[in-house]
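J.: Produce the entire structure from the sequences given, and follow the hints as far as they go.
Chains A and B supply the protein sequences, listed in that same order. So for the first sequence, this note's numbering puts the first residue at 1; every next one is plus one. So for the second sequence, this note's numbering puts the first residue at 1; every next one is plus one.
Mixed in with the good hints, there may be bad ones.
Which copy? The list can't say, so a pair holds if one copy fits it or any two copies do.
Said to hold, decoys possible - In the BS3-like style, the derived pairs of lysine-lysine whose C-alpha atoms are separated by at most 30 Å in a straight line are:
1) 96 with 183
2) 183 with 250
3) 96 with 7
4) 250 with 7
5) 7 with 183
In case anyone wonders, no lab produced these hints; they're calculated from the structure.
Next come the chains, spelled out residue by residue.
There are 2 protein chains.
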Amino acid sequence: MKLASLKQGRDGQLLLVSRDLQRAVSAADIAPTLQAALDQWHRLQPLLEARYQALNQGQLQQSFAFDPSTCHCPLPRAFHWADASAYVNHVELVRKARGAEMPASFWEEPLMYQGGSDTFIPPHDPIRLADEAWGIDLEGEVAVVTDDVPMGISAAQASHHILLVMLVNDVSLRNLIPAELAKGFGFYQSKPSSSFSPVAVTPDELGRHWRDGRVHLPLLCQVNDELLGCPDAGVDMTFNFFQLVAHAAKTRPLGSGTIIGSGTVSNRDSSVGSACLAEKRMLEILTTGQASTAFLRFGDRVRIEMLDTEGRSIFGALDQLVEAWQPDG
Amino acid sequence: MKLASLKQGRDGQLLLVSRDLQRAVSAADIAPTLQAALDQWHRLQPLLEARYQALNQGQLQQSFAFDPSTCHCPLPRAFHWADASAYVNHVELVRKARGAEMPASFWEEPLMYQGGSDTFIPPHDPIRLADEAWGIDLEGEVAVVTDDVPMGISAAQASHHILLVMLVNDVSLRNLIPAELAKGFGFYQSKPSSSFSPVAVTPDELGRHWRDGRVHLPLLCQVNDELLGCPDAGVDMTFNFFQLVAHAAKTRPLGSGTIIGSGTVSNRDSSVGSACLAEKRMLEILTTGQASTAFLRFGDRVRIEMLDTEGRSIFGALDQLVEAWQPDG
Numbered sequence: 001m002k003l004a005s006l007k008q009g010r011d012g013q014l015l016l017v018s019r020d021l022q023r024a025v026s027a028a029d030i031a032p033t034l035q036a037a038l039d040q041w042h043r044l045q046p047l048l049e050a051r052y053q054a055l056n057q058g059q060l061q062q063s064f065a066f067d068p069s070t071c072h073c074p075l076p077r078a079f080h081w082a083d084a085s086a087y088v089n090h091v092e093l094v095r096k097a098r099g100a101e102m103p104a105s106f107w108e109e110p111l112m113y114q115g116g117s118d119t120f121i122p123p124h125d126p127i128r129l130a131d132e133a134w135g136i137d138l139e140g141e142v143a144v145v146t147d148d149v150p151m152g153i154s155a156a157q158a159s160h161h162i163l164l165v166m167l168v169n170d171v172s173l174r175n176l177i178p179a180e181l182a183k184g185f186g187f188y189q190s191k192p193s194s195s196f197s198p199v200a201v202t203p204d205e206l207g208r209h210w211r212d213g214r215v216h217l218p219l220l221c222q223v224n225d226e227l228l229g230c231p232d233a234g235v236d237m238t239f240n241f242f243q244l245v246a247h248a249a250k251t252r253p254l255g256s257g258t259i260i261g262s263g264t265v266s267n268r269d270s271s272v273g274s275a276c277l278a279e280k281r282m283l284e285i286l287t288t289g290q291a292s293t294a295f296l297r298f299g300d301r302v303r304i305e306m307l308d309t310e311g312r313s314i315f316g317a318l319d320q321l322v323e324a325w326q327p328d329g
Numbered sequence: 001m002k003l004a005s006l007k008q009g010r011d012g013q014l015l016l017v018s019r020d021l022q023r024a025v026s027a028a029d030i031a032p033t034l035q036a037a038l039d040q041w042h043r044l045q046p047l048l049e050a051r052y053q054a055l056n057q058g059q060l061q062q063s064f065a066f067d068p069s070t071c072h073c074p075l076p077r078a079f080h081w082a083d084a085s086a087y088v089n090h091v092e093l094v095r096k097a098r099g100a101e102m103p104a105s106f107w108e109e110p111l112m113y114q115g116g117s118d119t120f121i122p123p124h125d126p127i128r129l130a131d132e133a134w135g136i137d138l139e140g141e142v143a144v145v146t147d148d149v150p151m152g153i154s155a156a157q158a159s160h161h162i163l164l165v166m167l168v169n170d171v172s173l174r175n176l177i178p179a180e181l182a183k184g185f186g187f188y189q190s191k192p193s194s195s196f197s198p199v200a201v202t203p204d205e206l207g208r209h210w211r212d213g214r215v216h217l218p219l220l221c222q223v224n225d226e227l228l229g230c231p232d233a234g235v236d237m238t239f240n241f242f243q244l245v246a247h248a249a250k251t252r253p254l255g256s257g258t259i260i261g262s263g264t265v266s267n268r269d270s271s272v273g274s275a276c277l278a279e280k281r282m283l284e285i286l287t288t289g290q291a292s293t294a295f296l297r298f299g300d301r302v303r304i305e306m307l308d309t310e311g312r313s314i315f316g317a318l319d320q321l322v323e324a325w326q327p328d329g
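T.: Structure, rendered in structure tokens:
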């Protein structure tokens, strides 16, 4: 099943989107919003599924052409957005880039921080920030959405609590990170509002590409229509999503609609490129002694997408301009 | 105005509570939930205010006796819960307690982390955790709730965006903190679900005790009916709530219903006691060379409340047993 949220009010209007992303139909009569659907998923899922099948079979007169630019993130705001750094290769490279050591324990226990979830940026809206000097970067990631997860769950049990998969741009302000992390409380100002792909999909939509708690497909990341990288999200993911959900639920239950992110997708094989500029810059430093790639500038365009093996977009694309933020603008 | 959320569904039913906390009346016909009220506060506030006045004047036949044990937190779940450490005295003591240095910059820029907001614990429900060895502690705090706050706002402008004030128990797992903070991503597992006072109040309810972005009243913290401390929330608060909201909004807007916490209330005058056990233990170490107070044990009871100068409870009390968590229990 593929779901989206038409921009409407604060929480959007729930849409079902056809497998080929060509058509959509409202599901607002089943659940007004995706959060409402997630809150009663096990009761509503069969109703949504039946309409989704009819949509794919072209049986719904009320369907309309799907336009991702009219969509908010699948969850326009969420009660919990926790982002991991499951590609430990990326963590190691980024730490090197800022001259910080990486403890060996990072290979054994996931890193996870909690991100702002009250003001997500729609996937085709501009990313507006006040200052280029903050070092604006994209982070291409995969995320899952859970139902209610009991505290203390095992990774094996957690596998039954993943309802949806989507893509993320975890916008990061690289030049604010060192001072903020030095304070010891983790990221806050250095992680502004994130964005998600226009469409969230149930894991079955990924077929054989969803296995072992990982999405085994390349994540295409472009800046200004040039390929930044296409690392495979299933490769070098040290902690899978089952482990990440279990980590998140160790000392508290998770509410329905919790979003758990993978962290920047990153492969050891650097020939596939990167899903963020910080990693590209680090690879440049390791190769030539200095970074030649700049962070994002106002006017730059970021595109993140995942295609299936036949080249069809699964989640729709995040496609965003970086713009100067103006007060009251 | 005083507001609460009767336990009902995931987001509670909006109640108005009389100034003396004796009577309550549903406001669900004005807004079904507190979040819904906050989402349209400037339109709904006059309607709520009119009913609140009638309630206080004993004019509402449909009012009923207010019972805080039937209440969830004012926001049973929230889209943003960011907690500061605005009483830098506390930060310095707790760092000393774990042998860590405090940088001088902590006096100049607020510390802030984002907490779990999807599964708050109702103010009279037990705090259930799996392991006493985690070092379970209370943290008595004050928090504010904002409307929509634009990105980049100044502290002066932020003063107009504070809609509600409430109390917090920011439950902390002291023995998980050192290893978690050493990873550099801040608190996650070491900060399980938090609790809030049964009643949230508009700042005008605090009268002259709300000034300079601070609540100038003692916060009563008890463990097993013994006073742990009553530090004044208006004293030694290095950063006021206006500064904390501005800090939170530096690189992103804040959505309506954002909760910003003060961090553990703490006064330099140690004769007033503490709002958490970690601080009490540190003071013991400084005085006698070792900590004699244990962290919370299963069966312990925590009570946090704030009284006005006439001894009347303003927010109702958080009153919670600490219990062993059992799977599916």
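J.: Does each hint hold? Answer for all of them.
T.: Consistency of the hints with the structure:
no., hint, in the structure
1, 96 with 183, "both (19 Å within a copy, 15 Å between copies)"
2, 183 with 250, "both (25 Å within a copy, 17 Å between copies)"
3, 96 with 7, "neither (40 Å within a copy, 49 Å between copies)"
4, 250 with 7, "between (35 Å within a copy, 25 Å between copies)"
5, 7 with 183, "neither (37 Å within a copy, 38 Å between copies)"
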